[in-house]
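Participant: The lines below spell out each chain.
2 protein chains.
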Amino acid sequence: MANRAKATIFDIAREAGVSKSTVSLVLQGSGLIRPETASKVRKAIEDVGYVYNRGAANLRKAHSNVIGMVINDLTNPFFAELAVGMERVFQSAGIVPFIANTAENPVRQEEVLKSLMEQGVAGLIVSPARGTTPGAFRRIETAGLPVVFAMRRLPESRIPVIAPDNHRGAYLATAHLIGKGHRRLVFFGGSSDLVVYHERLGGFREACETQGIAARDALVVEGETSRRGGIACLETALAMAEPPTAALCFNDAVAFGAMLALRKRRLEPGTDFAIVGFDDVAEAEHYMPALTSVAVDSAGLGERAAHVMLKMIQSRTTRAEDHIGAVNLVVRESCGPDRRTRNRTAGSGSMN
Amino acid sequence: MANRAKATIFDIAREAGVSKSTVSLVLQGSGLIRPETASKVRKAIEDVGYVYNRGAANLRKAHSNVIGMVINDLTNPFFAELAVGMERVFQSAGIVPFIANTAENPVRQEEVLKSLMEQGVAGLIVSPARGTTPGAFRRIETAGLPVVFAMRRLPESRIPVIAPDNHRGAYLATAHLIGKGHRRLVFFGGSSDLVVYHERLGGFREACETQGIAARDALVVEGETSRRGGIACLETALAMAEPPTAALCFNDAVAFGAMLALRKRRLEPGTDFAIVGFDDVAEAEHYMPALTSVAVDSAGLGERAAHVMLKMIQSRTTRAEDHIGAVNLVVRESCGPDRRTRNRTAGSGSMN
DNA sequence: GCTACTAAATGGAACGTTCCAATAAATCAA
DNA sequence: TTGATTTATTGGAACGTTCCATTTAGTAGC
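Residue numbers (the working numbering), protein chains in the order written: chain Z, -17 to 334; chain X, -17 to 334.
The hints are simulated quantities; they were obtained by calculation from the structure and are not laboratory data. Backbone N, C-alpha and C define an ideal beta-carbon position, used for all residues, glycine too. Some clues are possibly wrong.
With a cut-off of at most 20 Å between alpha-carbon atoms, the simulated SDA-like pairs for lysine to any residue come out as follows [claimed, not checked]:
(1) Z:Lys43 - X:Leu41
(2) X:Lys(-12) - Z:Ile122
(3) X:Lys(-12) - Z:Gln296
(4) X:Lys25 - Z:Gly117
(5) Z:Lys(-12) - X:Lys(-12)
(6) X:Lys96 - Z:Gln10
(7) X:Lys96 - Z:Tyr32
(8) X:Lys43 - Z:Arg42
(9) Z:Lys25 - X:Gly117
(10) Z:Lys(-12) - X:His45
(11) X:Lys(-12) - Z:Val33
(12) X:Lys(-12) - Z:Arg42
(13) Z:Lys(-12) - X:Thr253
(14) Z:Lys246 - X:His268
(15) Z:Lys43 - X:Lys(-12)
(16) Z:Lys96 - X:Gly76
(17) X:Lys96 - Z:Ala(-11)
(18) Z:Lys25 - X:Arg120
(19) Z:Lys(-12) - X:Ala39
What follows is a set of in silico ranges between Cβ atoms, one per label pair, in the way DEER data are often shown [as the list claims (entries may be wrong)]:
(20) X:Asp175 - Z:Arg298: 42 to 48 Å
(21) X:Glu138 - Z:Thr124: 34 to 40 Å
(22) Z:Val89 - X:Gly13: 25 to 31 Å
Build the full structure now, drawing on both the sequences and the hints.
Facilitator: Shown next, in the form of structure tokens:
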């Protein structure tokens, strides 16, 4: 039976007939205690319904066992995956990750970061909200708290970053489209307040350039990074005097939107207009037609980020190397058959 | 400039030329302090790069400002929505929600709950993992910590529950199918270790019974609650001697799987076989064909759960009333046109 | 029987806050 | 002026741990 008031190590000590110090030692699994004593103490712990007060402990201990994960949008499975990947690693390291959502809101992010710091976290893994100001992490940095950015980075910051190779992913996808025979391409969705956008757009442009597409045939339509944004982008593109025939989308959501809009116009994604997505969310595989997309392995990046964080905590540093995760293009149906050689049917065979 | 060692209220006190008590008062926004003194202190706080130590404060204060949200599967947008709904409410109440994921693993859940308690949370909102043992929350209950279950409940527990009206949702959906002329129905997916499963299945059965469907025409195929599970369920159903013509699926993921499997067999969801989902995730609307589904407003339920929790904390009680959220059937395309009016041959041998 | 050692257990001083009771300073009533 | 009252500020004792320096008990050597 638990008393109304919370039990402390003193209560346990009395119950077990030992001193508080002995109880503390048992709690920490110290080998200095005689096994019989330890089990006597453990029994008392059970009896009084004791719950350890980590706050009090952290007052003395140097480091806490919790790290904070600050995610810009938990309802996006892509980022949720990231969180889950990190959790796996931390769990086995005996440290507890607390997740907080910023809903892409820098103000909320500020609050969340403050809370986490006050809570005394040992480190922070952050996927920064859109529109985060460059100074938002200065306070945390000067406090000497290890921070890692995941998936996204800030324009000019020394904080280590774990992110996919956006440039290369976009390059691969674009090259694939060009290889399919497309000569007038467009980049759909995203906006320039995101570093990721510039990276992906950069890959797109480089591919166009090196594969002999004129700059005036490498179009860009900015837009929301959502289904709705994708719909709007497609409308805009098709309204052009000389419409493109293929689009690389900022992410899969945009791609789904674009395909939806094509269908609405009785155009078939793949044969009438080629679409490539980015992120390769679970849905991409099951879409109709299945979406060709750049896979980034977000759970894997989450694990990597967690490992980097553990290293930083262990070695008491606030610096670490960036890590750029490999990407690969998963070719499915949304780019249709080869346009140059119409006779050849692109089955499951060769690509590139 | 921040020093290497963390600054405390004593450092601020020295800097501002006041006592630690004064600093503490300022920190708490007490009106007892002369405004000039307060601003002097605030400046010092800024100067030394102070971060509040909530752990130390909680040692004295009765209640902390953090509550824990324990979610069974964050990668499921349905549950992520729930978390986001709660966050909205808590944020404006000045309390900080920390989210933890149990990945549907009771052992992990145990750890997470322990951690959260040790951290000194003021309350817990839990969507219990599948296979949670009835005794898993006894410890927390005897500790007098307020707990609310969201979305899911445990077989025999006195903990308040905020959940959708699963029974009614399933009833509505089934009645819709029967109204469309179907006479041999099946319930797809889920397994009996989940209370939700029994609720939904119960609604399905009651609808069949009261609308004149023989018990032997109300089939059940258990299975994983995922796309893959849905695929398997459909295969099983179509392999039957007398296959059903319509399915109520445990959730939308199962429904998507079933539709996928139909397509693979060159059958058209809606016209050849009717499908209804459950949860109405965002994807349902955009699917091809759009999925008829039971909408449960998970974000709304999250908000409700948060409000209940705030009340419990405020009134220092551990009891509260259950809240069953309204559901409504969103009719889209996956059930096709009315079968009765089209032609009278509803599969083989429907004589009711 | 004494010292020297080891093993096991312990008391006390932190840790960074809050809160209460007490003080100091300022204002007012007479 | 004196005492009473209000307004600002302050010291000290918690809160529940950890960790260090001791103490106590037990064992071994001689």
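Participant: Determine for every hint whether it applies to the structure shown.
Facilitator: Okay, the hints, checked on the actual structure:
1. Z:Lys43 - X:Leu41: holds, 15 Å
2. X:Lys(-12) - Z:Ile122: With Cα atoms ~12 Å apart, X:Lys(-12) and Z:Ile122 stay inside 20 Å; holds.
3. X:Lys(-12) - Z:Gln296: Roughly 19 Å between the alpha carbons, so the hint for X:Lys(-12) and Z:Gln296 holds.
4. X:Lys25 - Z:Gly117: holds, 19 Å
5. Z:Lys(-12) - X:Lys(-12): It is violated: about 29 Å lies between the C-alpha atoms, which goes past 20 Å.
6. X:Lys96 - Z:Gln10: With a Cα-Cα distance of about 16 Å, the restraint between X:Lys96 and Z:Gln10 holds, given a limit of 20 Å.
7. X:Lys96 - Z:Tyr32: With Cα atoms ~11 Å apart, X:Lys96 and Z:Tyr32 stay inside 20 Å; holds.
8. X:Lys43 - Z:Arg42: Given that 20 Å is the threshold and the Cα spacing comes to 18 Å, the pair holds.
9. Z:Lys25 - X:Gly117: This hinted pair holds, its Cα atoms lying about 19 Å apart.
10. Z:Lys(-12) - X:His45: Given that 20 Å is the threshold and the Cα spacing comes to 12 Å, the pair holds.
11. X:Lys(-12) - Z:Val33: Answer violated: X:Lys(-12) to Z:Val33 is near 28 Å, above 20 Å.
12. X:Lys(-12) - Z:Arg42: Between X:Lys(-12) and Z:Arg42 the Cα gap is close to 13 Å, so the pair holds against 20 Å.
13. Z:Lys(-12) - X:Thr253: violated, 63 Å
14. Z:Lys246 - X:His268: holds, 12 Å
15. Z:Lys43 - X:Lys(-12): holds, 13 Å
16. Z:Lys96 - X:Gly76: holds, 13 Å
17. X:Lys96 - Z:Ala(-11): holds, 15 Å
18. Z:Lys25 - X:Arg120: Holds, at about 17 Å.
19. Z:Lys(-12) - X:Ala39: Holds - the C-alpha atoms of X:Ala39 and Z:Lys(-12) are around 16 Å apart, at most 20 Å.
20. X:Asp175 - Z:Arg298: 42 to 48 Å: holds, 45 Å
21. X:Glu138 - Z:Thr124: 34 to 40 Å: violated, 53 Å
22. Z:Val89 - X:Gly13: 25 to 31 Å: holds, 26 Å
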